[in-house]
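The listed protein sequences derive, respectively, from chains A and B.
Those letters in the first sequence? Residues 1 to 346, per full-length UniProt numbering, in order.
Those letters in the second sequence? Residues 1 to 331, per full-length UniProt numbering, in order.
Treat the hints with caution; some may be incorrect.
What the hints assert, rightly or not - Derived, one-sided and incomplete: chain B residues facing chain A with beta-carbon distance under 8 Å:
1. Glu-210
2. Val-250
3. Pro-253
4. Leu-254
5. Glu-255
6. Gly-258
7. Thr-259
8. Ser-288
9. Leu-289
These are calculated hints, taken from the structure and not from any lab test.
Being a predicted model, the structure only gives us computed values, none of them experimental.
Glycine residues also receive a C-beta, built at the ideal position from the N, C-alpha and C atoms.
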Amino acid sequence: MTTLATGGRRTLRRPPDAVVLPIVVLLLLAAVAVSIAVGPRTLTFDDLLAALTAPTGTEADLIVRDVRLPRTFVGIAAGSALAVAGVIMQTLTRNPLAEPGLLGVNAGASFAVAIAIVVLRIGEFGATMWFAFLGAAVASALVAVIGGVGRGASIGRLTLTGVAIGAVLSAATAALSLIDPHAYQSLRLWGAGALGGRSLDAAVLTLLVVAVGLVLVVLIAPGLGLLALGEDTARALGGRIGIARLGGFLAIVVLCGAATAAAGPIAFVGLLVPHALRAVFGPDTRRLLIYSALVGPILLLLADVLCGMLIAPRSIPVGVMTAFLGAPVLVALVLSRRVQAEGAPS
Amino acid sequence: MRPSPRLRAALAAAVIVPLVLTATACAPDADSSSDDGAASGDTVVVDSVYGEVTVPAAPERVAAISYDTPWQVMSLDLPVVAAIDYTQWIDGYTEDQQAYIADAAKVGSYGEVNFEALAGAAPDVIVGDAYEVDEATFTRLSEIAPTVIVGGDERGDWQSITEDLATALGAHDTWEEAKASYEARRDEVKEQYADVIAANTWANFSLGNEVGQFSIQLPSGSTGNLVVNEMGLTYGDGIPQDTDDGAGYVSLPLEQIGTVLDGVTVGLTYENPDGSKMPGIQDVIDSSLFQQLEIAKTDRVYGLVSNVTDYRTAEEWIDELVAKVLEPLSQ
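One chain only, chain A, in its complex shape:
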């Protein structure tokens, strides 16, 4: 990114997609390769190749196909889902701090998973994933109905409602987990936020669901782009606000539901990626959505690899790592923007 002097002001020249997009795609492919190749057990290139192309049931094959591939697929799906959902939520709420936890989505998914485990005794991933969807949907709808309609509806009220309902559901989840140590154990492991421990089938299912969510995002992207300009402007430009909002909510539910069900609640990806990309590419919502879908997985996969390397042979939850990575980057972004603002000519 370079700067240009224009009439005494320094403005940023955004990098062209023709240059950046292939680079980002290559970075994503590299992150995927690293995620599959690097792990606690050192595997040779031949091991990896054989596991991916002609598995015969060796230990290396099992490691690649039953541990690393599902982990990588979940990382791709959750990274894309959380980052894109972050862009949508920040656009819909016009709140720069919006992320999948803000509208009660994660709390709703967690509560539904707790219900499945504690009350219905369902522990199988494929089933809990649908509960996570349902919980995310119900919580989002509840927030939308209470905070987004009627007289006095405002973005602030919507956000406040999301925080309140999220807090209530989180407390209810904690209470449920205390009722039953089985559930406590399962929810403790699930709640740490991790990419591992899923079967290949479950990981592929997660990818497919996230893909459906991303298709929905593509369909509503123009409307979201207009919404980003503000409701009045969007209406003046002929935007169909209601459809964009409804589609946005649906996309958030699908994306966050899938990501949370597969990897547990992972913080900061939905907050960090959009902000970092906005600093590079500017406020263009459609670009933010495209690059978020690519950069989210890069961040999550590399964070996961780091989790396994820093205190090897042990590891730390990827949710902890994203927080470690996210917090300083966000602080740096805030400071750099303040410096820019203070240094800008009046």
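We have chain A; now place chain B onto it with these hints.
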């Protein structure tokens, strides 16, 4: 269901590992019992992790506020008037254990003492574990009643921990009886099943701290201590011997399970009283990487229910090991 030592260790690791570094001071020293206390007839001075404490020579209202401590006090044949709330795990305890704490005041949850409730129980001595009670908490507890915090050399050092508790509570004779009984049983089993013990390589595994991980008891863990140091069972070469975090176990990524359990011929793990296993443990066992291990192929994975906290429960563990593992393997 009672949380397994693994679960408790995991909880402890999350809550109190930072405290471990500050809690490695010397444990109570039986030799340091004060002559002054003896002379007065009703108090004695004992060393604890956080310094000397004057306690009643024959306490009548003992509050045991760490997770394992009530059972360690129970092994000394003393009652407790207060303990943390075990409601959520109560079904996993034996009838004797349930009866033992039935009338005790509930004074908080794991790692979080309810000081007001504890004061309401009017204890004349409070005992706990340094891995769950830091010095600041000790100071607050000491305002309620004389407080003895024990630590041992490591988290799984139930031998030292129970001895220190016995010293602090004036129950050393009972402790020595339990110790002698345990040692006799241990030596008897070691001799009777020497061939089986020597012919196999052992491991004690459980669920990990995260999904996609498993854990291994170290010789410094309560059961690892029992396996390796007391029973003299040989651990597999790939099993870590120690870590520096004091947790007594290590949680590792599942893809390392082949390396860690390489050559192991008998796998021990935890199970519930009804014979089921915690979902996290079952996930480890069901994983394809575990199923390709020798212990899975030969069906030599055994779940044990006993939770080792003291000499009596350690003896129960050995009895269970004999019935479920050593006897079948010897035939």
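Hint check, Gly-258 (chain B) versus chain A [nearest Cβ-Cβ separation less than 8 Å]: Because about 5 Å separates Gly-258 (chain B) from the closest Cβ in chain A, which is inside the 8 Å limit, the hint holds.
Hinted contact Leu-254 (chain B) with chain A - closest CB pair below 8 Å: With Cβ-Cβ at 6 Å, under 8 Å, it holds.
Cut-off 8 Å, beta-carbon criterion: hint that Leu-289 (chain B) touches chain A: holds (5 Å)
Interface restraint verdict for Glu-210 (chain B) against chain A (beta-carbon cut-off 8 Å): holds (5 Å)
Chain A contact restraint on Val-250 (chain B) - CB to CB distance below 8 Å: holds (6 Å)
Cut-off 8 Å, beta-carbon criterion: hint that Pro-253 (chain B) touches chain A: holds (5 Å)
Agreement of hint Glu-255 (chain B) with chain A interface, Cβ distance less than 8 Å: holds (5 Å)
Given hint Ser-288 (chain B) near chain A, where the shortest CB pair must fall under 8 Å: holds (5 Å)
Hint check, Thr-259 (chain B) versus chain A [nearest Cβ-Cβ separation less than 8 Å]: holds (7 Å)
When held up to the earlier numbered hints, the structure conflicts with none and fits them all.
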